Structures are given as C-alpha cells and as structure tokens.
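Protein sequences, first through last, are from chains A and B.
Using my numbering, the first residue of the first sequence is number 172, and each one after it goes up by one.
Using my numbering, the first residue of the second sequence is number 172, and each one after it goes up by one.
Honestly, the hints are just simulated from the structure, not real lab data.
Source: prediction; values computed, not measured.
Incorrect hints may have been included.
Pairs count within a copy or across copies, as identical chains cannot be separated in the list.
Computed cross-link-like contacts, DSSO-like style, restricted to lysine-lysine with a CA-CA straight-line distance of at most 30 Å [unchecked claim]:
1) 446 to 223
2) 446 to 197
3) 197 to 223
4) 390 to 223
5) 390 to 446
6) 262 to 223
7) 390 to 238
8) 262 to 197
9) 446 to 262
Single-letter residue listing:
Protein chains: 2
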Amino acid sequence: MRNLDQNTITDAVLARFADTPDPRLKTIITSLVRHLHDFAREVELTEAEWEKGIDFLTRVGHITDDKRHEFILLSDVLGLSMLTVAMNQDKPRGCTEATVFGPFHVEGAPHYELGDDIANGAAGTPCVVRGTVRGLDGEPVANARMDVWQSDHDGLYDVQHPDLDHAQARGILHTDDQGRFHFRSVVAVPYQIPHDGPVGQLLDATNRHPWRPAHLHFKIDAPGYESLITHVFRNGDPWLDSDAVFGVRESLVADWVEQDDGTYLLEFDFVLNRKD
Amino acid sequence: MRNLDQNTITDAVLARFADTPDPRLKTIITSLVRHLHDFAREVELTEAEWEKGIDFLTRVGHITDDKRHEFILLSDVLGLSMLTVAMNQDKPRGCTEATVFGPFHVEGAPHYELGDDIANGAAGTPCVVRGTVRGLDGEPVANARMDVWQSDHDGLYDVQHPDLDHAQARGILHTDDQGRFHFRSVVAVPYQIPHDGPVGQLLDATNRHPWRPAHLHFKIDAPGYESLITHVFRNGDPWLDSDAVFGVRESLVADWVEQDDGTYLLEFDFVLNRKD
C-alpha cells in the first residue's frame, strides 16, 4: 500500500472498499471508483484541472438551498437524470411515459378542488387543463393524487420569485370517481433553466443554450399503481428538439388549443402502470 | 432528440457538447459524460440511489467552507487526489517524491526565521527539523521558500480549533545560502481525517478507518525548480500501510529520533526537479 502509481492505485482503493457490508453499496462504489479513475487517466487530468473541478463542485454545493437544486440541474444538463428515468421507467406500451422530475417540485403544495384555478395569481394566459387518469386496461383511476406544477408567463416558477410568499401555478388535485380531472391555470411557456450559477457557466463554456420547451409537470399517485412523474410538452415549441435537459418524449407533446374567448384548452389523458 | 432511450441518450448529450470552443474542455466533458453514463448503466442506478447521490453531493458542498474542504477530502479517500499527483508528479529518479496536498493548507501562513519555533503554542513534544534543499545535481537551492504545516499533539490542525485566532504549527521559512533549513516544532502524530461529515459517513458505511499516519507537510518553491508538494511520514507509524488517502511513499518515511533531553530530531533532505 506504499508507492502506489497511477495504475496500481485503483486496485488499492478498491481493496480498501472490499469490506463494505452492503453489497449494493459495494457494487456502486466499485463501479464509481473504476470510472472516476479511468476518466482521470483517460484525459490525463492535470492538478490545475483537478482544482477547477473541486472548485466547481463546491460552488454547485454552495448555491444549492431548499429552493434551488443545482446538483439536480447539473445531473439534468449532463443527461444523467433522463438516463436514470429511462432505465427505471421503462413502462409497458400504452402507459404514459415518464420524464425528468426537475429541480422545481415543492413538497406541500396547496390542495385544490377540481375546477379551481391553481395559477393563484401567476401571470399568464388563462387555460383549462382536463383529461382522465386510467389504468392499462382502460379502467378509470378514481381519487388519484395529481401534483401539478409549472412556470408562469415569465418562465419562472413561484420559488424563483424571491418576494413571493405563497404557492403559484402549483397544486394538488384528485380525480373524480370516473378518473376525470380538470383545473384552470396559465399557458406554459418555454423558459431558461437557472443559468446564473456554475451550471450556467458550464453551459456558456460549452456553447449550449439553457432553454426548455414549454411544459406542465405532473406527479400522479394512486394505490395499486406505479407513481408517474412526467411533463406534458407544448406542441410547436421551438425547443422541443433541443431541450437543455433531454426530457422530451414524442408521446408527451400535446396542443394547447386556443378557444373563441382567447383562453386555451389542453386535453391530455394519462395511463398508469399497475404495480406488480 | 426526442424519445432518447438509456443507450441513445449518451450520444445525444455528447452531440450537444460538440460545439465546445476549448478543445481541452471538450475532451474532458466528453470523457466525463461517457464515464458517468457508463457508470449509471453498469450499476443500473435506481432513482432512489440517484436521489441519495444528489443529497450526498449537496451535503459535501454545504459543509465546505474556507477552512473545511470536504470535496478535497472526498477526492482524497477515493484515491483521485493521489492518482492526479502520481500522473503529474512523475519526477526523475533522485528527486523527492510528491504526495497529496490535503485539505489543511492555508495561504498566508506566518513567516519565520531559520531556528524559530513554528509550533507557536501548539501542543506536542518539541522537536527540531533540519536538512537541505538541493537540485538533482547536488547544487544547494538557496532562499527556497518552504511552506510547512502539520497537526498538533491532538491530531488537529490549527484551523480545526474553532476558538483559535492565530496560526499554529504552520509557517513559511527560507533556506540559507547553502540550501539549509532548520526550525523547531512539535512531533507529528497520526490523526483521523475529519469524519463528522458526509465523507465520514461514507467511510463508516464502507468499513473504512479515517486514519492518516503521522506526517509533516512541505510545499517548496524556488525559481528555476518545479514546485514540490509532499509530506515526510514518521517511521513506525501503525497507519503507514493503510493511509486513508493513499499518500504514503516509502522514500518519504523518516525517523524522528529521540534526543537525550526527550526532544526529537528529524533530518530530511529534499531534492527538487529543475524546470524545463
């Protein structure tokens, strides 16, 4: 264990993790160390670059608080979040596809009745959202808990408005006994992910744009069914093919249809996968 | 770019980084994304494990401040720091070997004259440290700047004592015109790396101990020579073969020799590599 060189050190580190009691943790840490070391050797990481990496991660940590989740954002722009979703949410054909959770979900959103306006003062063009929640065999899912959240007309979530002290454009509803839901909100718009921090600097340095296509988030839970975390994306959005976080699924793209009175209507049906 | 699956997403992410203007950054981010995605696929990372990872990194960031560098510590215990040193500090035979920088260096340590006591009140058994700094051809390096730091008798660096408002057991000295140095300090003892944070939890969960063998840090700079960052380790230390951060080099192990008066003497000579 003395005189380790740049090749022998990897096995020495893995030997030190050999007594990890939890076999799953041992599997994960073993793979992590191998890939971390292989990465450093492959690029011949310099000490100055190592320092920059340490500094970058530290800044990502320091900007993170209970409302801003920069490590989630980093995972999102590196495609790790969507990769993890894709591996874990490979649902049977016919089920609504899942996509990234994103950094803007908040626990404890206000509860609303069907038909309520969840915008709660958020700026934007009024719209109605309605549809059904069903199982794979077409059975309606009654009383499904729907956690909905979205940005306002300025492309900002409520938690991004520093002076706002109440929830806007987010809420919890439950489907009726036919699995139906409907609520009012504002029309989703494309927005830039927060790019005034280290993740934004990474995007800048790599000539990447921070845009996400307009979308509405849903987290749907019902007993006997797998939880579904997904978005509905707005058809025609210019960023659908270059979402900064790689979350778009063709099956999740839908039309917000303009009505005679200038408001919009989104109709979307969800299909949940039954739990084993 | 829609409907990416767990395999196609990697190329889609790399395509998004294709316009990175700095070729070195492009090389690094490409390798990083490949290894990050390969790691996640290899272990079939679950969403709950992804969340734990995000939470772990956030906690590492939050405990980090200007005196505690938890990401450096994490890099150290994963062997990444020593791997980086090994790749970058592959010096010619005859030069003093380098080892990890560690998280306890502080810029702006007090300046001392040769012969001074750098302990400056730190608890411990008194010792004298002396030696020479030379180049590979044996030429003395006059006026070399030696930045020295170490823990006290309790195994703590000054910055780990919350109430201490001045530097202890660290200082900057310069060799004389013969390349010689000598100063007083306290005898180094083995210590535990800070393990009351997330890195400590990782060590606990993997049955790893947090001990480092006793050592004295040096950073030596002189015009015309490569900077040398290294330790001198204490011979006989029980942790020499299982240093928590993988830093031990046989050539850096030396005796602190007890003197008749109960104090100790460490003699160690450094050999610097000339700059190209």
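Verification of the supplied hints:
no., hint, in the structure
1, 446 to 223, "between (45 Å within a copy, 23 Å between copies)"
2, 446 to 197, "within (29 Å within a copy, 43 Å between copies)"
3, 197 to 223, "both (28 Å within a copy, 15 Å between copies)"
4, 390 to 223, "between (37 Å within a copy, 20 Å between copies)"
5, 390 to 446, "within (16 Å within a copy, 60 Å between copies)"
6, 262 to 223, "between (40 Å within a copy, 23 Å between copies)"
7, 390 to 238, "within (18 Å within a copy, 41 Å between copies)"
8, 262 to 197, "within (28 Å within a copy, 35 Å between copies)"
9, 446 to 262, "within (11 Å within a copy, 60 Å between copies)"
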